[in-house]
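Asker: Sequence:
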Amino acid sequence: MEYKDYYKTLGVSRHATQDEIKRAYRKLASKYHPDVSKESNAEQRFKEVGEAYEVLKDSQKRAAYDQLGTGWHAGDEFRPPPGWETHFGGAGAQFDSSDFFESLFGGRHHSTHQSPFQTTEEKQSTKIAISLEEAYQGTTRILQLQVPERDSMGQVRMINRKLNVKIPQGVIQGQKIRLSGQAATGMGRDIYLEIEFQPHRLYRAEKRDIYLTLPITPWEAALGCTSIRRANRFLRYSIRWHLL
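Residue numbering for the sequence shown follows the working numbering, beginning at 23 and increasing consecutively.
For the record, the hints were derived by calculation from the structure and aren't laboratory data. Each hint should be verified, as a subset may be incorrect.
[Stated by the list, open to error] Heads up, simulated DSS-like pairs for lysine-lysine below, C-alpha to C-alpha not over 25 Å straight-line:
| hint | residue 1 | residue 2 |
| --- | --- | --- |
| 1 | K44 | K83 |
| 2 | K49 | K69 |
| 3 | K188 | K229 |
| 4 | K44 | K69 |
| 5 | K79 | K69 |
[What the hints assert, rightly or not] Have a look at the derived ranges for each label pair, beta carbon to beta carbon:
| hint | residue 1 | residue 2 | range |
| --- | --- | --- | --- |
| 6 | T161 | A85 | 49 to 59 Å |
| 7 | T39 | Q195 | 38 to 48 Å |
| 8 | I199 | G33 | 27 to 37 Å |
| 9 | R200 | Q89 | 37 to 47 Å |
| 10 | D27 | H222 | 16 to 26 Å |
| 11 | E42 | H222 | 45 to 55 Å |
| 12 | K184 | E65 | 28 to 38 Å |
| 13 | M180 | Q159 | 25 to 35 Å |
| 14 | K149 | W241 | 41 to 51 Å |
| 15 | I199 | N63 | 22 to 32 Å |
| 16 | N63 | A243 | 55 to 65 Å |
| 17 | S62 | A151 | 29 to 39 Å |
Idealized CB from N, CA, C, for every residue including glycine.
All chains should be built: construct the whole structure from the sequences, respecting the hints.
Answerer: Encoded structure:
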């Protein structure tokens with residue numbers, strides 16, 4: 023098993039303050055977030071950064087990690103001292119921890135809590151349903167959300183949040199809107215809203231194209247017609263006589 027230099031992973035010195043560690047983590051997590059980064063190894067780097075931060079943000083885990091000494095280098099073959107995992111076990115890591123992390127802190131106790139939010143350290147997301155008219159014009163919504171918050175003891179609880187959200191013009195199905203800095207305490211920085219379209223009586227959307235299901239009379243289908251319909255603007259269309 024290879025030793026992991028968590029300080030090197032975050033790009034900070036062993037004497038870095040907690041604020042410096044937090045800033046470094048947020049910068050790297052934003053850079054390598056799978057929803058943002060185009061780099062092929064972004065997901066792996068994101069996990070490594072999260073694992074390093076999980077240890078260094080906690081004074082007890084950091085102190086235990088520092089007891090390994092400065093003689094180790096990333097990639098060196100490593101075995102923890104006897105009894106180490108028993109003494110420092112039960113870390114409760116909520117990410118895909120490595121064998122190295124688990125050997126040090128017993129990080130096998132992954133969270134199984136489910137909520138309307140899908141969460142990582144830097145991301146919380148939920149869905150919002152809007153009409154096609156709202157997507158076309160843009161709209162503002164006041165959302166009442168239950169979001170997870172991590173307290174000073176590291177426990178996660180659900181709290182109510184009220185957010186005033188602006189939906190811009192021209193959003194499409196599946197698009198994600200980032201609400202920067204709106205996540206709850208200890209659960210990352212941002213909330214993402216995924217756009218869903220409500221069913222419409224006449225229209226359906228496919229990416230940026232709108233398809234119209236047009237009700238017409240039998241004689242219009244038989245004889246053909248030209249009509250104008252207003253949908254926030256005038257649209258002209260022709261019905262050919264040989265439609266039937």
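Asker: I want to verify a distance hint. Is the separation of the beta carbons of N63 and A243 within 55 to 65 Å?
Answerer: Check passed, 57 Å falls within 55 to 65 Å.
Asker: Taking the beta carbons of R200 and Q89, is their distance inside 37 to 47 Å?
Answerer: Between R200 and Q89, where Cβ atoms are some 40 Å apart, the hint holds.
Asker: Taking the CB of S62 and the CB of A151, does the distance hold inside 29 to 39 Å?
Answerer: 34 Å Cβ-Cβ, so the 29 to 39 Å window holds.
Asker: Does the Cβ distance between T39 and Q195 fall inside 38 to 48 Å?
Answerer: At roughly 44 Å between Cβ atoms, Q195 and T39 fall inside 38 to 48 Å, so the hint holds.
Asker: Within a Cα-Cα threshold of 25 Å, do K44 and K69 meet the stated pairing?
Answerer: holds (16 Å)
Asker: If you draw a straight line from the CA of K79 to the CA of K69, is it 25 Å or shorter?
Answerer: Within the cut-off at roughly 15 Å; holds.
Asker: Quick check on a hinted range of 41 to 51 Å for K149 and W241, using CB atoms only.
Answerer: Given range 41 to 51 Å: holds, Cβ gap about 44 Å.
Asker: Can you tell me whether the CB distance of I199 to G33 sits inside 27 to 37 Å?
Answerer: holds (30 Å)
Asker: Using the C-beta atoms of K184 and E65, is the stated range 28 to 38 Å upheld?
Answerer: holds (33 Å)
Asker: Check the following: the C-beta atoms of I199 and N63 are separated by a distance inside 22 to 32 Å.
Answerer: holds (27 Å)
Asker: Does the Cβ-Cβ separation between T161 and A85 fall within 49 to 59 Å?
Answerer: For A85 against T161, whose Cβ atoms are near 51 Å apart, the range 49 to 59 Å holds.
Asker: Checking one constraint from the list: CA of K49 to CA of K69, max 25 Å. Satisfied?
Answerer: Answer holds: K49 to K69 is near 14 Å, not above 25 Å.
Hint compliance for this structure: hint 10 alone is broken.
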